[in-house]
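One line per chain: the protein sequences are A and B, in this order. Mapping to our numbering: the first sequence position 185 is 185, numbers consecutive. Mapping to our numbering: the second sequence position 13 is 13, numbers consecutive.
Note that these hints are calculated values from the structure, not bench results. Fair warning: this is a prediction, and the values are worked out from it, not measured in the lab. Glycine residues also receive a C-beta, built at the ideal position from the N, C-alpha and C atoms. The reader is advised that the hints may include incorrect statements.
Claimed, not checked - Far from chain A, by Cβ distances over 12 Å, these chain B residues were calculated:
id	residue
1	VAL27
2	SER29
3	LEU30
4	GLY37
5	VAL38
6	TRP41
7	ILE44
8	LEU46
9	VAL50
10	LEU112
Said to hold, decoys possible - Partial pick of chain A residues on the chain B-facing surface, computed with a CB cut under 8 Å:
id	residue
11	PRO25
12	GLY29
13	HIS45
14	PRO46
15	PHE48
16	ALA109
17	PHE117
18	VAL119
19	LEU127
20	GLY129
21	THR134
22	SER195
To be verified - Derived Cβ-Cβ restraints for the label pairs, each shown as a range:
id	chain 1	residue 1	chain 2	residue 2	range
23	A	GLY95	B	LEU47	42 to 50 Å
24	B	LEU42	A	ALA264	46 to 54 Å
25	A	GLY70	B	PRO117	18 to 26 Å
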Amino acid sequence: MTDGEPAVPRADTTTLPARWSVNPPVAYGASAAVLLAGLALVTSHPAFALVALPLFIGVALGVDRRPRRGSPVTAATRLSPDRDGSGVGYELEFGLPPETEAVAVLLVAADGQTHRFAVDPSTARRLRGTIPITHSGPQEVAQVHYSLLGAAATALSSPDPGPSSSRLIPAPRLRMESLPMPHRVVGITGAHGSSTPGDGGEFRDVALFTPGDRLRRIDWKATARRAQRPGELYVRRTFSTADAIVVLVLDDRDEVGADIRLWAGAKGGENTSTSLDLAREAASSLAAAYLAAGDRVAFRDLSGTARSVEPGGGTRHLERLQSTIATAVATGEPVRSVRTPLVPSSSLVVVLSTFLDEQAATMAITWASTGHRVIAVDVLPEPVTDKATREEQTAFRLLMLERTDRLDGMTASGVERIHWSSADRGAVPAVQLRMLSRPARHR
Amino acid sequence: MSGRAQGFPAIGRTIPAAALTALTILVGSLTAWLVIGVSGWLVIALLLVVGAAAVPRGPFAAILTTLLASALVIDGFDGYTGRFVLLLAAAHLLFVIASLSAWLPRNARVQLGVLRPSLLRYLGVQVVTQAISFVIVTFVVPSSGPGTSTAFVWFGLVGGTASLALALVVLVPALLRPSR
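Please build the complete structure, drawing on both the sequences and the hints.
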């Protein structure tokens with residue numbers, strides 16, 4: 001492959017022998033034809049035999065075209081990445097026995113839709129479509145089952161599982177420019193001004209020249225104004241610049257959607273973004289924005305499904321973070337006791353959680369009390385309660401009361417809070433972050 | 001494609017599998033009404049039509065065919081008439097539709113190309129069957145004239161024996177071993 005050619009996506013393939021059986025209506029039709037022939041014989045009436053004739057011919061046509069026993073069927077799925085946000089493209093290819101007349105396909109897509117269709121063999125050689133992706137993270141994008149019709153529609157194959165294609169779908173990223181900073185920046189270089197003397201930052205003071213000061217720092221105007229003796233020189237001193245350390249703490253112990261009826265773990269697909277989708281989107285967007293600003297970003301998750309990423313910067317670190325964030329999945333039952341992750345000193349801690357239980361809130365308060373600036377990103381989707389029963393609505397209200405108390409407690413402890421919602425609902429996260437990035441007013 | 005859900009592959013023009021179910025009901029009901037007429041047997045025939053549409057894998061279409069053929073003969077077979085032509089065409093069509101419906105998933109979209117081989121086979125078999133029936137019923141076994149009953153009986157015996165022999169030689173092995 002040359003550099004200019006696009007990479008061919010890898011194919012998920014299955015090869016299974018077709019398990020043929022007689023089409024049931026054909027068996028019954030043949031029985032009826034035999035019965036009619038018997039009636040013609042017994043009653044000596046040719047009408048019975050003539051009615052049976054097309055049924056006999058129909059079955060006899062299939063006899064000559066019987067498929068070979070165990071003839072293999074190959075099914076392959078290729079997925080192409082979602083480049084324009086329209087969804088993941090797929091190509092479904094079938095390698096069929098020559099006796100096949102048609103293929104029935106059941107395609108379960110990542111968006112929960114089940115597509116059933118029947119196509120002729122020439123079309124089945126290559127089927128193309130695009131599956132819209134609602135959720136990020138690891139997921140089964142397309143799962144295929146198929147059945148064949150052959151031998152002039154007198155034989156059919158038992159449904160067989162085709163390939164199941166899973167992919168890691170990266171979270172979308174929102175663009176953000178104004179970002180909140182930690183209380184102190186302690187790095188040795190970066191884009192932010194620090195309180196440490198050094199180069200690159202804002203003006204600090206004018207002082208006497210000492211050995212080690214660079215000559216270009218001599219402030220000739222100040223020297224002319226202030227010098228008492230010959231040879232006395234004054235230099236302009238500045239603060240150094242520094243980078244911030246941002247720790248993203250993702251609470252991936254549970255995943256809830258907008259429909260509160262499914263919060264108890266009921267079966268059913270979510271067609272809108274779940275809390276973990278929003279959390280991944282927020283973490284991914286924040287990581288990209290902070291790294292673009294020259295800061296160092298670390299990542300921790302609370303369920304332990306994704307590995308921890310230590311603070312770092314640069315493009316490769318962003319790729320590492322994106323792939324790690326995408327692998328964070330809910331583990332089913334929320335873990336009761338979670339060890340508070342270690343965070344570097346003077347870092348900005350961003351906790352992304354639904355705050356439906358105490359764990360993440362307690363950690364946020366702990367970090368805030370130890371001097372970190374903590375931002376709680378509330379990723380609970382806008383709840384939909386229309387279809388819930390009265391009992392479910394009551395339970396939901398109680399849960400929300402507890403949650404509100406918890407959020408108020410966090411605010412009282414100095415934890416700042418934003419709500420991350422999907423693009424079409426609520427306040428835009430970038431605006432909320434800009435509000436937090438303004439200098440704090442000291443009381 | 002506009003009315004189709006996102007994620008559906010581009011397979012050209014399709015019809016819903018339910019159209020075949022509707023065709024079963026239409027063809028079955030119309031044939032039962034024209035062949036049987038208004039009687040108690042019509043109710044049974046209509047129930048069989050509903051059964052054939054609801055459970056295409058069941059024996060209902062085959063039983064319906066036998067019932068309609070019996071009704072035609074009992075009611076008085078009067079040669080190559082419209083009723084007989086309709087019965088020949090409808091019994092075969094019900095068989096073809098049931099063969100497809102038994103295999104197709106419910107709620108499936110069916111590419112028109114899938115129906116083409118079955119339709120062509122149906123037309124071919126019908127042309128042959130109708131021609132043979134016309135020749136036999138009109139020329140070999142005329143409905144009136146001297147020696148009618150003897151020829152009728154002989155043809156019934158020969159036709160029945162030939163059909164059973166065909167069934168034994170060809171159909172039974174095929175049904176027992178659907179693959180080679």
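Comparing the hints with the structure gives:
no.: 1; hint: VAL27; in the structure: holds (14 Å)
no.: 2; hint: SER29; in the structure: holds (18 Å)
no.: 3; hint: LEU30; in the structure: holds (17 Å)
no.: 4; hint: GLY37; in the structure: holds (17 Å)
no.: 5; hint: VAL38; in the structure: holds (22 Å)
no.: 6; hint: TRP41; in the structure: holds (16 Å)
no.: 7; hint: ILE44; in the structure: holds (16 Å)
no.: 8; hint: LEU46; in the structure: holds (18 Å)
no.: 9; hint: VAL50; in the structure: holds (16 Å)
no.: 10; hint: LEU112; in the structure: violated (9 Å)
no.: 11; hint: PRO25; in the structure: holds (4 Å)
no.: 12; hint: GLY29; in the structure: holds (5 Å)
no.: 13; hint: HIS45; in the structure: holds (5 Å)
no.: 14; hint: PRO46; in the structure: holds (4 Å)
no.: 15; hint: PHE48; in the structure: holds (6 Å)
no.: 16; hint: ALA109; in the structure: holds (4 Å)
no.: 17; hint: PHE117; in the structure: holds (5 Å)
no.: 18; hint: VAL119; in the structure: holds (5 Å)
no.: 19; hint: LEU127; in the structure: holds (4 Å)
no.: 20; hint: GLY129; in the structure: holds (4 Å)
no.: 21; hint: THR134; in the structure: violated (11 Å)
no.: 22; hint: SER195; in the structure: violated (54 Å)
no.: 23; hint: A/GLY95 x B/LEU47: 42 to 50 Å; in the structure: holds (44 Å)
no.: 24; hint: B/LEU42 x A/ALA264: 46 to 54 Å; in the structure: holds (53 Å)
no.: 25; hint: A/GLY70 x B/PRO117: 18 to 26 Å; in the structure: holds (24 Å)
Checked against the numbered hints listed earlier, the structure breaks hints 10, 21, 22; every other hint is satisfied.
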